[in-house]
Each structure stands twice: as structure tokens, then as C-alpha cells.
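K.L.:
What follows is the residue order along each chain.
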Amino acid sequence: MGVLNPAGALTLAAIAVLVALYLLDRRRRVVRVGALLLWASVPTAVLERRRFRPDPLFLLQLALLLALIAGYLRPYVEGRPLPASAGRLLVVLDVSASMQAVERDGSRFELAQRRARALLDELPGGDEAMLVTAAERPHVAQRWTTDRASLRARLEALAPLDTSTNLAPALELALGEARARPETRLAVLTDLAPGDGGIAPDDVQAFHWIQIGATDDNVGIVDLAVDQPPFQPAAAASVDVGVRNFSASARRTTVQAWIGGERWVQRDLTLAPRSTEHTLLGAPPHGGILSVGILGDDALAVDDRATGWIGPGAPLDLLLVTDSQDLAGAFGAIAAAVAGSRVEVVARDRYRPESLTGRRVALFDGIAPAALPPAVNALYVAPPPGNSFCPSTRAYEGAAVIDWEPAHPLLRGLESLDAIEVPHATALELAPWADPVVLAASRRAAFPLLLAGERDGRRIACLGTELAAPLTSSDALPLLMLTLGTLRWLAEPFEGGALAVQTGVPVSLGPGPTAPVTGPFGGAGLRIAGDPAVVVADHVGTYRLGPPGGERLILANLFDERESDIGRRGATETAATRVAPASPLPARARREIDWWMYAVGAALLGLEWLTWLRRRDRVSG
Amino acid sequence: MRALLDPTRLTRYDGLALGVRRGMGTRPGDRRVPGRPQPSGIELEAHAAYTPGDDLRHLDWNALGRLDSLLVRRFTAEREVIAHILLDGSASLGAPAGDDKLGAACELAMALAYVALRSGEAVQLALLGDATGHAPLFRQRGNVTRIAEWLEARRAEGTFAFAAAIEGYVARHPSPGVALLISDFLVAPEEIERGVRALSERGYESHLLHVIGPAELDPTRAFTRAVLTDAETGERRPIALTDANLARYRAALDAHLDAIRAIADRHRATYGRLVAGAEVVSLLTGELARAGVIRRR
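Chains R and L, in that order, give the protein sequences. Numbered per our numbering, the first sequence spans residues 403 to 1023. Numbered per our numbering, the second sequence spans residues 303 to 599.
The reader is advised that the hints may include incorrect statements.
What the hints assert, rightly or not - Part of the chain L face toward chain R, derived, beta carbon under 7 Å:
| id | residue |
| --- | --- |
| 1 | GLN442 |
| 2 | VAL446 |
| 3 | ARG448 |
| 4 | LEU488 |
| 5 | PRO491 |
| 6 | THR531 |
| 7 | TYR551 |
| 8 | ALA554 |
Just so you know, the hints here were simulated from the structure itself, not pulled from any lab data. All values derive from a computational prediction rather than experimental measurement. Beta carbons are placed, not taken as given, at the ideal position from N, Cα and C, and that holds for glycine.
Only chain R is shown next, with the shape it has when bound in the complex:
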């Protein structure tokens, strides 16, 4: 046992300070009071200078101080000496989407796998090796082991993912292992150049950098945008497909689109070297899963296809419960403008639950009925205080929208809400079933203005402001668009929506079923974890979540131009020019226990606090 910071012993002088403070506190104190009038009934005490007689509180403080000083000295205990090791090899293997690019001798991943196998085979017997994969996140495929068979089996079981490359965390992990274990050699197999690893140039020199890949032959889909106006049929939707040629020579290709498995349209494209072309596809025959692919033979297939979603586009079919003639008139005008729409207006006192028969969506203006028929989604506008669906806390004047959740499907197609001013707003109470979609603020506080969620098998939205007339004026237009977006979200069927994600990027899944999963790799290309659930797609494609009939769609695409840009200067190997700097002390040889000292200090602090509380309670009776 020893200490790493002997100079820290100087802090022992703090003990003298503590004793001095204690003695000072024990001195006869003089306290000025306003008057002795109230103390007349209290008998006088004999106060004398007292000799040093420590109480439990002082002893606890002393112990706490000693524990902190002990931690500052950085004590350690000698551990069992490490067995002498001949050497170690840590292999970082890039498994990102670009490693699927096909070269003359096979895919980049296969070439890297082959080279890694050779490195492991060259390792003398008894040496340890470790395997780390790098894609969007690092993953330890195999911890330190001398078992060659196990290493080889893990290496053979690896497969490239359809995600972007983020090499730096894996390299930092490798450097950390090398610092903790001297004589560790580091090797990285990737299609990125040493300068693109995202770590400091000095640290790059610690790696045996094996770069694989040369071809730039790739044409890929880099963007897929579906624009569908609210309450319009699927035929009104348009699809914008962005296709980029990443190679240095001109290419011809064909864009094909399918909807629900039926072939829809085909367009020929001529792409100049390293250029992007957008093609607009209009008037789809019906809604459903949109699949877009490009024909032609290139080195990287993962970005040759993309998926999207065209909704069925149900018209506005609304029961409006209001006493406002202006609101009724505004929605009447909207219904007249949108073909096939139907808006029925019912006065508040004439509303009966039977009015909702056959309806999908209802808008309650200033009223919140206690019960709703099943399968009816509802928007509560300016809900009255004390209702059970959308309880509110207090009213605010002169509020404005300050923040919103742009990823929420309710706000799909709404670019910005920052122009919305709300003269009279009600702060809605957060409920476990609802997400705050739009937040507003007045001079006094910020509060949820629009809540949305699923409750008792139906969708509910609450808007904490009234829809004041004229609703179709330019000032009220953003609020009207927000209301229509909410109604569209309420009207669309549960199973009809789809969540578009980018591979490798975690996305909140929201309420709904999370299992079983079907899709690419038997559903294994999609990982779901956490509460609330978060989803990460490792492979592109269409996934279905939940039991048949109530499935949710997850559409995963790559859409990463950096990943699709696969052109490299050819295979090169750069040997490591230095060994990764090791820790001043071998981690296992000496085990520092300073944090234990700090933990003891924290415990003593808590104990001292409790003692002080008890004493205070005793004194104050």
C-alpha cells in the first residue's frame, strides 16, 4: 500500500484549522438582540471558556476531513502482479454500409475480414486479442481472449450493417484499452483514410491502419420526399426522388417506383459525373408503401432502393360541436373547398353521444363530454376547467408559441409555428398519456398549448386556446393550419401511418405495439429497447411491428451521401509508428482506492447531517 500524491499530506494542516474553528465557536459569544424584554423570564447561565472537549459532531467532522485528505493522497493497494504477456492485438473492423461495396476480389468487408483473419493467425500462441466493430456506434464483438477458435468464429459471424460510419468512438475505445494494457498493438480495417478517422493525428500513429477499397462506381438514392396535402386523396400526392452519381464518369440509370407491390412508374435518368438529379413522380394510383429503386449495376447496392409512405388520404369528415357561428362558418368553407369533405355542426346543448355515430373525428369547442363512443378520436378546443380529458391549470393572457415537436406526425408538413400568437390561452395539465406537442409562453410562464396522445384506444388532442374568428384571416391562418394538422392526425387510421427512420439513428417509437417484428433479416435488422421505446434500424427496408391487423410500419433508409460516396485511392497499409501511451501505472498492478475514501467522506457527511438534525430537533423541542 502506498500513496501517489505525498504532497497532499500538507492538507493535514486543515485539521488544525478545524480544531481552531471549534475552539473559536466554543468561546463566549456576544449576541446583540433588540431587547432583553422577552428574555426576562429566562434564567441566566454561567458561561465560561471551556477546555477542548470534543462532541460527536466534531469527531464526525474530523473523520470526514481525514477521509477527504486520505482520498486526496491517492492511496493504492498492491494487487496481484500481472502475468507477463507476450503481446496483445486489438482489431477494429469497420462494418458500416460502405464496406458492402464490391471490389474486384470481393466486397470490402470480405477483404477486411480476410485480412483480419490473417492478423489473428499471425498472433503467437498465448497472446490475447480483442475484436471491436465500428459502424454508427462501436461494439465489442469479442473481449480479450487467447481462444483462437472463439475469435475466428466471432469474426466469421460478423456482417456489414446498412448504417453510417462513425469510427472515432471505436478508435478511442481501442486507445483506452491500449493505455490500460501496455504492449497492445492496434489494427484498424476500414475503407476510410487515416485522416478521416475522427481522432487526433498523433493517436492515428498508434494504429496499424489497413485501408481497403478503390472503386467509386456508385449511383444512389440520396433523398425521397412524399408531399401529400391534408384530406386530399392519394392521387394528389407527389414524390421527389433525389439520385446522385458518385462516380467520376457519367452514368445512365432508370428510376422505378412501386406502390404496395404494384409497379407504378419508371423514369430514365442521365447523370453527369458527381451530380444529383431530382425526378418528380405524380398522381400515384393509390396509397400504400412506396418503394423506389434504381436499375443498373454499381458497386454499392444498399443505397439503390428506398421506401416511403403515401397515405390513403381520407377526406375531412367531422362533427363540430360549437356555439360559435364563426367557427361553424369557417369549417363550412373548408369543407366546401375540399372535395368529398363533410362537416356537421351541432350546438353544445344539443350534443348527444349518438351524434357521433358513424363519425371518426369530433371537434369539441369549449365542451368536454364525460364519455365518448369507442373509436372516435377527438380534439378538445378550449376545454372547460375541471374536465377529465384535458384538465387545465390556469389562464394566461398575451401568450405566443415558443416551441414544438417537429418530429411529431401531427405537425407533418407544418414548417414553422412561431407566428402563432394566442391572446387567451389555458395552460393544459400534462398527462401520462399525452405528449406536449406545442408549447406557448406568456410573460409569466411557459406551458403546454397542444397535447396529443392515445388513450383508451382512441386518439385525443387538447388545444388550450379558443379558435377566435375570423379563423381564415391571415393572422389566424397558422392556428387554423395547426388545427387542420391535428384533425388530419386524428383522422388517419392507427395502422395507416408509417415511421420513417434513418439507419443507425435512434428514434422514439411512441405508444403502440413493439413486438413481434417482421422485416429484413427476419426482423433482426431492427432493435427496440427502453421505456419509452426507442428504435434503431441496422438495415434498410420495411419493418412491421405488432400483431397482424394492427401493425405499425417502420421505413428505414440510409440517405447518407458521405456513406454512399465510396471512392477511395486504393488499398494501403500504414504501420503503426508508435505504441499507444500507457498509463503511468499498470491498472491491475496497483489499485487506487481514493474513490473509496471519497465515498466514506460522503457517508460521513450524511451521518453528520443526520446528527446535526437530531440535535437541532432536540434543541427546538
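Since the structure of chain R is provided, determine the placement of chain L on it from the hints.
P.N.:
Only chain L this time, still in chain R's reference frame:
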């Protein structure tokens, strides 16, 4: 001392006004005082039988035509009300040092002066026990800065006889008004009663505003064993705060507070308490508003 001229703090008192029930002055002013009709004014309040010498312009000719009797109109009195803010500036306001009772008292005085000026009353500030410690009579809202300067210049020092100081003040200001007496009331209840009686006998509407320090409510904040020194007399008393002694002190404090409240009740005065360090606006809009001292405009 707190920064008294803090706009963000002062604007919190906007919309408040003094609720005056008595203490009507003699000088014409803006405050309408129902129940004391006078021959001239703006708002008709009552009729009275005509007596020779009444102004014929106020004869109600309609009443004469209908009732065949001579009646003259009487109008609601409109008088100036002076808010006398009497501040205890003795050395006891400065002890215990950590409580800053004087700061709290000045902030309360500033708030009351601001409210009074904004509701159209005149404000007379005075430091009790110091005949020269009077500010001029303020009638304009723009005098808030001068009031703040005057208050910030006050120091907790010296000693004075509580009752004699109030008796001297009312003798110098015979015209009644609203007396807002801000003190820590660390004097014998008999002294307090004498002072309050002097105010009520002169027709003042009295409000006793008690500024008390947190360490006075809970002396364990300040010490457990100490020699206590009276800030005004210098008298010393060694005290050990044992459980029994603390109980005795609390009993004495409760009895003293009850005595002050009883004095207020006997003389139709209002009693309000501000713990130093607490928000003044809470006292104004809470306890004093409930008692009718402060009302919403």
C-alpha cells in the same frame, strides 16, 4: 439595506390602494368620504331641510315643485387623507445583525408610501423619537425617488420612549389621518397601548405593522450559548438555550404578540406582521388586504 427604488419590485404594488375608513383630514382632496355630507361637492349624497343662510344654488327646485318643501342638496365630502408612516428607527431594529429588520421596515414603508401616492393620498414620513427626523409632506407621485433616498439614509441607532414619541408626534400633527406604525414593538405592552391610544384619541386610523426577525422567532438560528446584549440599553444577560429556556422564551414571545394584537383590537387598529426577509407584497396582498388596509383599485 435593500435597494428600495427597484422598479421590478415597485411595479408589483401597482393596482393596490390604501383602504381608508377613518382618519379623514380637513383639507379638500380626492378621497370621497361617504356619511359626512357637506354643502358643496360633486356627488350628491343626501338632502337636508333648507335653513336660512343655505346657498340658494343648492336648493332642489324639483323637490320644491313636487313636495312643496324647501330641500337643499348635500354632497359627499371630498378630503385629503394623509398617510402618516411612522418608522421605528431605534437601535433594536438593527439587532440581531443578520435579520436586517430595519431593511425590512424601510421596504415596507417604501411600499406603503408608493401605494398611498399612487392612490392619491399624501404621505408623511417620520422617524419616531427623532423630532428632526421628518420628511416633508409628499403629495406627488414623482416623489418616490425622494422617499427612497430618505428611507435609505435611516440608520438603526439610539433609543426613545415609544409612547412619548407618538404622543409628541400627534401633538405636532393634530389633523388626523391614517397612521401606519412600523416597529419591532420590543417595548412593554403598556407603552404600546399608550402610544396607540394617543393616535386613536386624535382620530387617527391606526395600523400596527410589526417587523420581526427570523432569529427572534427562532433564536437557535443565532446562538445556543451566548451573552445577550440589549441593543438599546447595553444591558447584558448570559443565556444558554436549553430546551426549558427555549420554551420559556417562546412563551414570553407568544404572550407579547398576543398582547400587541389585543391592544390593536381594543383601539380598532389593525395588526399585521412582517418577518424580515419575507416578501412585502405577500403581506400587502395577504394579511393587510384581508384586514381592509389594502384594497385593489
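K.L.:
A separate judgement is required for each hint: does it hold in the structure or not?
P.N.:
To see whether the hints hold, each was checked on the structure:
1. GLN442: violated (30 Å)
2. VAL446: violated (23 Å)
3. ARG448: Result: violated, 29 Å to nearest chain R Cβ.
4. LEU488: holds (4 Å)
5. PRO491: Cβ of PRO491(L) sits 10 Å from chain R, so the hint is violated.
6. THR531: At about 5 Å, which falls below the 7 Å cut-off, the nearest Cβ of chain R leaves the hint on THR531(L) intact, so it holds.
7. TYR551: holds (6 Å)
8. ALA554: holds (5 Å)
The structure shown violates the earlier hints numbered 1, 2, 3 and 5.
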